[in-house]
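Undergrad: Sequence:
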Amino acid sequence: MRRNGMSLIVAVASMALFAVVSGAQDKLDRTKLPIQEPERPKYNELDVRNVKEKPPFFQVKAPKNAPNVVIVLIDDIGFGGPSTFGGPIQTPTLDRLAKSGLLYNNFHTTALCSPTRMALKCGRNHHTANTGSIMESSTGFPGNTGQVPNSVAPLAEMLRLNGYSTGAFGKWHETAAWETSISGPFDRWPTRQGFDKFYGFIGGETDQWFPLVYDGVTRVTPPKTEGYHFTVDMTNQAIGWMKAQQSMTPDKPFFMYYATGAVHAPHHVPKKWADKYKGKFDAGWDKIRSESIARQKKLGVIPINTKLAPKPKDIKDWDKLSPNERRLFARQAEVFAGFLEQTDHEVGRLTAALEEIGEMDNTLIIYIAGDNGTSAEGGFVGMYNEMTYFNNVTEKVEDLLPLIDKWGGPETFPHMAAGWAVAFDSPFTWTK
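Residues 137 to 568 in our numbering are what the sequence shown spells out, letter by letter.
It should be emphasised that the hints constitute simulated quantities derived from the structure, not laboratory data. Treat the hints with caution; some may be incorrect.
[Stated by the list, open to error] Now the in silico label distances, taken between C-beta atoms and shown as ranges:
| hint | residue 1 | residue 2 | range |
| --- | --- | --- | --- |
| 1 | Thr264 | Gly494 | 36 to 46 angstroms |
| 2 | Glu362 | Asp541 | 17 to 27 angstroms |
| 3 | Lys408 | Pro285 | 19 to 29 angstroms |
| 4 | Gly545 | Asn372 | 39 to 49 angstroms |
| 5 | Ser273 | Asp450 | 16 to 26 angstroms |
| 6 | Phe194 | Gly545 | 30 to 40 angstroms |
| 7 | Gly494 | Phe346 | 30 to 40 angstroms |
| 8 | Gly494 | Asp541 | 41 to 51 angstroms |
| 9 | Gly545 | Pro170 | 42 to 52 angstroms |
| 10 | Pro448 | Gly279 | 56 to 66 angstroms |
| 11 | Phe346 | Asn242 | 37 to 47 angstroms |
| 12 | Asp165 | Phe516 | 56 to 66 angstroms |
| 13 | Glu272 | Glu362 | 25 to 35 angstroms |
| 14 | Asn460 | Thr264 | 29 to 39 angstroms |
Glycine included, C-beta positions come from ideal geometry on N, C-alpha and C.
Working from the sequences, and respecting the hints, build out all of it.
TA: If you want it as C-alpha cells, here you go:
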C-alpha cells in the first residue's frame with residue numbers, strides 16, 4: 137500500500153515507525169535513548185577459540201517494516217499560491233501526492249521561519265526549544281536564546297538512534313547567527329542535531345545562483361556547471377545520498393529532511409520557468425485573489441460560504457496603478473510563480489528517484505507548503521536588490537523598470553511587491 141501524503145511527522149512517528157520488532161530487537165527498550173545493549177554473557181575463557189557459543193553481534197536496527205520518511209518543506213508560500221489549494225501557480229507534484237494521500241487544510245505553523253522549523257524538528261513548542269523568533273533576532277531572554285537545550289531531543293536523533301539513516305538538504309536556519317561561522321561551535325548544526333548528512337546553507341536565505349553551501353560543517357564550492365541553480369544541486373545531492381544509502385544498506389530505512397530555499401527571497405529562477413507565466417498575472421492581484429477563492433471553494437478546501445477577507449488598506453487597488461507599475465509588478469509575480477513551479481518540479485525528481493529504487497510505496501512523504509505565509513518583505517514596489525533595504529536605500533518604480541528583463545537572474549537579488557503576498561495568501565488578509 138502506498139503511504140504518502142501530508143501530515144505532521146511528529147504525530148505519526150511513534151505509531152508508524154516503532155510498531156513491530158522481531159528477533160533480538162524485540163527486547164530492546166526503545167523508550168530511552170540511546171538504546172542500551174542487551175546484557176552480554178560472561179566468559180572465563182581467555183582463548184576465544186575455546187568458546188563453544190559465540191556471542192551475536194549487536195546492532196540497533198529499525199523495527200521491521202519501518203517506512204522511510206521524507207519531509208518536504210517549502211519556504212514562504214501561502215495557502216493561496218499552489219494549484220493544489222486553488223492557487224494560480226502550478227504544483228503538479230503536490231497535486232499528485234495529495235490525490236493519492238491526505239490533504240490538510242487546517243494545518244498550522246508558527247507563522248515564522250525558524251520557530252516553525254524547530255517545532256517540526258522536535259515536536260515541541262518552539263519557546264521550549266528557545267526559538268521564540270528567527271535566529272537573527274535571538275536574545276538572552278528565556279525562550280528566545282536561539283540555543284536549543286539538550287533537554288529537547290530532535291526527531292532526527294530519535295530516528296538515528298533507532299536504526300535510521302538521516303539526511304538534511306537545503307535550508308537549516310536553526311542555529312543562532314553567532315554560531316554559524318566556520319569557527320562554530322557546531323553543537324546546533326545539523327550533523328550535531330541527529331543528521332548523518334547535511335548539504336545546504338545554515339542561514340535564512342542564500343543566493344540560488346551563487347550559494348553559501350556547507351557539506352556537514354565544511355564550506356564547499358558548488359559545481360560550476362552552466363546554468364547552476366541551488367535547488368537543482370540540493371536535489372541532486374539528496375537523490376545521490378538516498379541511492380547510495382539504499383545501495384549499501386537496503387534494509388535500513390532513511391529519514392530525509394528536504395527544505396528548499398525557495399520560494400524565500402531572493403527569487404532566483406531560470407528564465408524559462410518565469411516565462412511560462414507570461415501574461416498570467418496581467419489582471420492583477422485583486423483579480424487573482426477573487427479567482428483563487430472561487431477555485432478553493434470548488435475544490436472544497438474552504439467552506440462554500442467563505443468570504444474573501446478584506447485586503448490591507450495600504451495595498452493599492454490594481455486598477456489604480458500606473459501602466460508602468462502594472463508591468464513591473466506582473467513580471468515580479470511571473471518570476472515568483474516560476475520559482476515555485478521549478479521547486480515543485482525538483483520535488484518531482486525526488487519522488488521519481490524513490491520510484492526508480494523501488495521505495496516509493498515504503499515511504500511516508502510529508503509535503504508542507506509552506507513554513508508560513510507568502511512574504512510581503514518586498515515592500516510596496518518590490519526590490520531588485522534586497523540588500524538596499526538593509527542599507528536604508530529606497531528603490532522606486534522608475535529605478536526598477538529598466539531592470540525588468542533581468543528580474544530573477546544572476547545579477548539580481550529580488551523580492552516582489554507586497555500585493556502579491558496578499559494574493560498568494562488568499563483567502564486571508566495578512567502575510568508573512
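Undergrad: Given the hint of 41 to 51 angstroms, check if Gly494 and Asp541 actually sit that far apart at their C-beta atoms.
TA: Between Gly494 and Asp541, where Cβ atoms are some 45 angstroms apart, the hint holds.
Undergrad: State, for the Cβ atoms of Gly545 and Asn372, whether the hinted interval 39 to 49 angstroms holds or is violated.
TA: With a Cβ separation near 22 angstroms, Gly545 and Asn372 fall outside 39 to 49 angstroms, so the hint is violated.
Undergrad: 19 to 29 angstroms was suggested as the range; check whether the CB atoms of Lys408 and Pro285 agree with it.
TA: 46 angstroms, violated
Undergrad: Holds or violated: 17 to 27 angstroms for the Cβ distance of Glu362 and Asp541?
TA: 20 angstroms, holds
Undergrad: Determine whether the Cβ-Cβ distance between Phe194 and Gly545 falls within the hinted range of 30 to 40 angstroms.
TA: 55 angstroms, violated
Undergrad: Taking the beta carbons of Asn460 and Thr264, is their distance inside 29 to 39 angstroms?
TA: 49 angstroms, violated
Undergrad: Could you see if the CB distance from Thr264 to Gly494 stays within 36 to 46 angstroms?
TA: Between Thr264 and Gly494, where Cβ atoms are some 39 angstroms apart, the hint holds.
Undergrad: If you check the beta carbons of Gly545 and Pro170, does the distance land in 42 to 52 angstroms?
TA: At roughly 49 angstroms between Cβ atoms, Pro170 and Gly545 fall inside 42 to 52 angstroms, so the hint holds.
Undergrad: CB of Ser273 to CB of Asp450, is that within 16 to 26 angstroms?
TA: 24 angstroms, holds
Undergrad: Is the distance from the Cβ of Phe346 to the Cβ of Asn242 consistent with 37 to 47 angstroms?
TA: 39 angstroms, holds
Undergrad: Regarding Pro448 and Gly279, is the given constraint of 56 to 66 angstroms on their beta-carbon distance met?
TA: 29 angstroms, violated
Undergrad: Take a look at whether the Cβ-Cβ distance between Gly494 and Phe346 falls inside 30 to 40 angstroms.
TA: Holds, since Gly494 and Phe346 (Cβ atoms, about 37 angstroms apart) stay within the stated range.
Checked against the numbered hints above, the structure violates hints 3, 4, 6, 10 and 14; every other hint is satisfied.
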